[in-house]
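Enquirer: Listed below, chain by chain, are the residues.
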Amino acid sequence: MEDQYDNDNKQDLRLSMNQPSKPSRAELAQRFRQFIDPQAVIEDSETQKPYECDGLSMYCEMPMLVVLPSTVEQVQRVMQLCHQYQLPVVARGAGTGLCAGSMPHPDGVVLSLAKLTEIIDIDPLARTARLQPGVRNLAISEAAAVHGLYYGPDPSSQIACTIGGNVAENSGGVHCLKYGLTVHNILKVEMITAEGERVVIGSDGLDSCGIDLLALITGSEGLLGVVTEITVKLLPSPEQARVVMAAFDSVQQAADAVGDIISHGIIPAGLEMMDSYAIKAAEDFAQAGYPKDAQALLLCEVDGTMEEVHEHIALVERLFKQFGATSTRTSQNEAERALLWKGRKNAFPAVGRISPDYYCMDGTIPRSQLAHVLSEMQRLSDHYQLRVANVFHAGDGNLHPLILFDANVAGEFEKTEEFGGKILELCVEVGGCITGEHGVGIEKIRQMPVQFNQQELLQFNAIKHAFDPHERLNPGKGIPLLKRCQEYRALDDSSLKTNEKGAI
Amino acid sequence: MSDLKIQLRDQVLNAVSQGQQLNIIGGDSKSFMGRAANGEPLRVSGHQGIISYQPVELVLTARAGTPLHEIEAALAEHDQMLAFEPPKFGRDFASGVDTQCVSNSTLGGTLATNQSGPARPWCGSVRDHVLGLGLINGRGEKLNFGGQVMKNVAGYDVSRLQAGAMGTLGLITEISLKVMPKPAVTQTLIEPMTVDHAITVMNQYSAQSKPLSGACWYGGSLYLRLSGAGSAVQATVKQWTARSDAELMDPQSAERFWCQLRDQTLPFFGTNSIDAVSTVAADSAALESATAYQRALWRFSVKPTADQPEAINGDWLIDWGGAQRWLRTISAAQRSMAEMETMAVAMAGQVSLYRGGDRSDEVMHRQTSALQAIQQRLKRSLDPSLVFNLGRLYRWM
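Chains as they are written, first to last, in my numbering: chain A, 8 to 511; chain B, 4 to 400.
Derived from the structure by calculation, the hints contain no laboratory data. Be aware that a few hints might be false.
Straight line, CA to CA, 20 Å or less: simulated EDC-like cross-link-like pairs of lysine to aspartate or glutamate [said to hold, decoys possible]:
#1 B:K185 to A:E314
#2 B:K241 to A:E246
#3 B:K185 to A:E318
#4 A:K195 to B:E250
#5 B:K185 to A:E80
With the hints as extra help, turn the sequences into a complete structure.
Expert: See below:
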C-alpha cells in the first residue's frame with residue numbers, strides 16, 4: 008500500500024510547483040499523531056478494513072489513512088494538513104449510506120467524525136438542538152423527548168446514522184411529506200472549508216442574509232466542505248399518532264386511494280406502500296398481521312392533536328373502503344401501531360431472508376405514474392430474470408425497488424446493476440429523478456447524465472470549484488467529472504467495475 | 004400565457020457580448036428591496052403562465068413572471084394554497100383583504116427575495132416549497148435543476164440556492180413548487196400583552212402540538228392564528244381561552260389583520276409614506292430634509308426566544324412567533340447599519356434595512372470575509388461576466 012501512495016498519479020499533476028512534496032504515509036501518520044490520539048490514526052489495513060465501504064458494500068476501496076479526531080480543532084488541523092499536501096479527504100459518519108458516498112479514496116484520508124458525538128445544547132423553548140456531527144439521528148429525539156420534542160427526519164437507518172451524514176445526504180424518511188427533509192429541519196452549520204477555514208452558515212433565525220449556502224451544503228455529499236456542528240429544529244411531539252393499514256387487490260387501486268386522501272386535504276404523517284413480494288417477506292419476518300394475499304398494502308399514519316387524529320382517521324378509513332380496500336385495520340394503541348409499522352420498517356432485512364443478496368434502488372416518480380412504472384419494472388424483471396420487491400414512500404413518490412440476486416453467481420451483480428440503472432432511467436423518463444434520498448455517491452454517477460445535460464453537469468462542476476478548486480473533497484462522487492461527461496453518456500452500463508478507484 | 008425563454012436567453016447573451024449589466028424586473032413590486040438597482044432592465048413579467056398543475060401530486064409549475072394572484076386563484080379551485088403565504092405587494096395596492104387587491108408580485112420575484120408570510124415558522128418558507136427550477140445562467144445556458152417530485156437529491160440544490168439571492172445568480176425562468184391543501188378551519192385569538200411576555204407565550208405555544216399557524220405581537224396585543232382540522236382548532240381555542248384572557252376575533256377582522264400583516268399594509272409598516280418619499284427622493288435635491296425620507300423599516304431575523312433590546316427610538320412588530328421582528332425608526336440617518344448589526348447579533352440573528360434609508364449603502368447584514376469570498380466565487384461560477392443584478396445584494400456581489 009505504501010507504494011500506492013508514493014507513486015505519482017494524476018492527483019500530483021494538479022499540484023502547483025510551490026506545494027510541499029508529499030510525505031510518505033508513515034510520515035503523514037506521524038504528523039497527524041502530533042495532535043490526534045495516536046490510536047485514532049489508522050495505518051494498517053486490518054484496522055482500516057471496516058472503513059473500506061459504506062452500506063453499499065459492493066463498492067469498496069482501501070484508503071491511505073483513516074483518522075478519527077475527537078475535537079473540532081483537530082478536524083480543522085486535519086483539513087489544513089490535507090490542504091497543505093493536497094490530499095483527497097473523504098468525510099464519514101456512521102457509514103450507513105447506500106450510494107458508496109463515503110467509499111475511501113486510495114490516495115486519500117478518511118476523516119471519520121464518529122468521535123464527535125456531543126449533544127452540545129438543547130434549547131426547549133426555542134426548540135433547537137446544537138449537535139456535533141457524530142450524534143446519531145435517533146439520539147437527538149431520545150434526548151429531546153424529556154421536553155416533549157423530537158427531530159423530524161427519520162431515515163430507516165436512524166438508530167445508527169449520524170446527523171452529519173444526514174446533512175451530507177439531505178436524508179428523508181417516512182415522515183417527510185409532512186415534516187420535510189433534512190434541509191427543512193436545520194438552521195445552521197459550522198463547516199471546515201477545503202482550505203481548513205472554519206465558517207458558520209445560517210443562523211439561529213429562520214433565514215439569513217446573502218446567498219443561501221445552507222441549502223447548497225445540505226445534500227452536497229461531502230463535496231463542498233466538512234460539517235462540524237449542526238443546529239437542528241425540534242418539533243413538538245404529537246399528542247397522538249395512529250396508523251390505518253389497508254389491503255388492496257391492485258397497485259392501481261392503492262395508488263388511487265393515496266391520491267384521494269390527499270385530495271381530501273389530509274397530509275398524512277406517513278404513507279407507505281408495499282407490493283405483494285414485500286408484503287409476504289415482511290409478514291413472514293415480522294408477523295404484523297399483513298394479509299399475505301394482498302397485491303398492495305398501504306400504511307397511513309395520522310398525527311396531531313387527539314381531536315384531529317380522531318377526525319382524520321375516520322375519514323381515512325372511509326376513503327380506503329370506498330376505494331375497494333379488501334381489509335383495513337386501525338391501531339388502537341401504541342403497541343398495535345408499533346406492530347403495524349414493524350413489518351414495513353423491517354422490509355429490507357425481511358427481503359434479505361428470501362434472497363442471498365438484494366440491491367436497493369431509490370428513484371422518485373410522480374405518484375400518477377406508479378402503475379406504469381411497476382408494470383415496466385415487471386417487464387424488466389422478466390427480461391433480466393431477477394425478482395424485484397417494491398417498497399414505496401407513497402406520499403412523496405419515492406420508490407425503493409429491491410432487486411433480489413445472488414452475488415455468488417458469476418455475472419449476477421453486473422446484471423443487477425444494469426437492471427437498477429434501467430429502473431432509474433425509467434424514473435427520469437416519467438418525470439422523476441434518479442435518487443430521492445440515498446444520494447448519488449459513486450453508485451448513481453453513471454445515471455447523472457440521464458437526469459442532467461452536459462451544461463448542467465458543467466455548472467455543477469463550476470459550483471464545486473467555487474468551494475474546492477482542486478477537487479480534493481470526496482473526489483469522484485456525486486457529480487461526474489466534466490471532461491468525461493460524454494464518456495458517461497456512451498458508457499455501457501456493465502463496463503463499470505465495482506472496485507474501481509474513486510474518480511471513475 | 005406566453006413563453007419568452009428564447010428571447011430572454013437572447014437578451015442575456017446580447018448583454019454578455021456587449022459587456023452590459025442587467026437588472027431583472029418581474030412585477031416591479033419589490034424594487035424597494037436590496038441595494039439600488041443598476042443595469043439595463045430585463046423584464047420577465049411577460050414570461051408567464053402556469054405550465055402544469057397536478058392537485059393530486061401537490062405540485063405546480065409556473066413561469067417566473069406569473070403573478071401570485073393567478074397561481075393562488077388556480078390553487079383555490081382545488082382547495083389548495085401556497086402554504087408559505089407570499090406577500091403580495093403592488094404599487095397600485097389598495098389596503099384591504101387580499102381578494103380585493105391587485106398586486107404585481109410574481110412567483111419569480113417571491114423566490115428571488117425569499118418572501119414568506121406569517122405561517123412561515125410552521126409551514127415553511129418559499130425556499131422550503133421549491134422543488135425545482137429553470138435558470139438561465141450568465142453563459143446564456145438554459146438549465147434545469149431539481150424536479151417536479153417531492154424528493155430529489157441528485158446534484159447540488161441550485162433551486163433553493165436562488166432563495167434570497169436577489170437575482171444575482173441567474174435568471175429564474177420556471178419554478179416547480181410543493182402546494183398544500185387549505186386548512187378546513189381558521190380562527191384567531193387576541194390578547195393584550197406586553198412584548199416581552201408575548202415573546203415567551205409565543206414560544207411556549209409553539210412548543211405544543213397544536214395547529215398554530217401565526218403568532219404576532221402588534222400594538223400591545225398578541226395575535227394567535229389556529230388553522231387545521233375543525234375539531235383540532237375548536238378544541239385548542241377552548242383550551243387556550245380557558246386559561247388566559249385571550250378572546251376570539253371575528254373572522255373578517257382576523258382575516259383582514261393577517262392579510263395586512265402579510266402584505267405589509269398595516270399602519271405600522273407606513274409603507275406608503277416610505278415609498279412615496281423614495282420616489283420623490285430620486286429627483287429631489289432636498290433629500291436630507293424630507294422628514295419621511297428618514298423613516299426606515301429594519302427587519303431582524305433572530306432566535307425566536309431572544310430578549311427584546313432595550314428601549315430604542317422606534318416601533319416594533321413581532322411576527323413569526325418571535326423569529327421575525329420589524330423595527331420602524333423615524334430617523335434612519337441616525338441609525339447606522341453597524342449599530343443594528345450589533346443589536347441583531349445580541350438577538351442571535353441578522354438584520355437588513357428592508358425599506359427606506361440610503362439604498363446606495365449596504366442594506367444586508369455583513370458577511371464574514373470567508374463567506375464573502377465563497378459567495379463571490381459562487382456568483383462567478385454561475386455568472387462569470389457579472390451580468391445579473393450586480394451590487395443588488397451587496398456592494399461586492
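Enquirer: Assess, step by step, whether the Cα of B:K185 is no farther than 20 Å from the Cα of A:E80, and give holds or violated.
Expert: At roughly 48 Å apart (the allowed maximum being 20 Å), A:E80 and B:K185 break the hint.
Enquirer: So if I understand the rule, the pair passes when the alpha-carbon distance is 20 Å or less; does B:K185 with A:E318 pass?
Expert: 16 Å, holds
Enquirer: Decide if the proposed pair is consistent with the structure: B:K185 and A:E314, CA atoms, cutoff 20 Å inclusive.
Expert: Holds, because 18 Å separates the two Cα atoms, which is no more than 20 Å.
Enquirer: Is it true that the CA of A:K195 sits at most 20 Å from the CA of B:E250?
Expert: Cα-Cα ~37 Å, so violated.
Enquirer: B:K241 and A:E246 were given as a pair; does the straight-line alpha-carbon distance stay at or below 20 Å?
Expert: Holds, at about 16 Å.
Of the hints listed earlier, those the structure fails to meet are numbers 4 and 5, in rising order.
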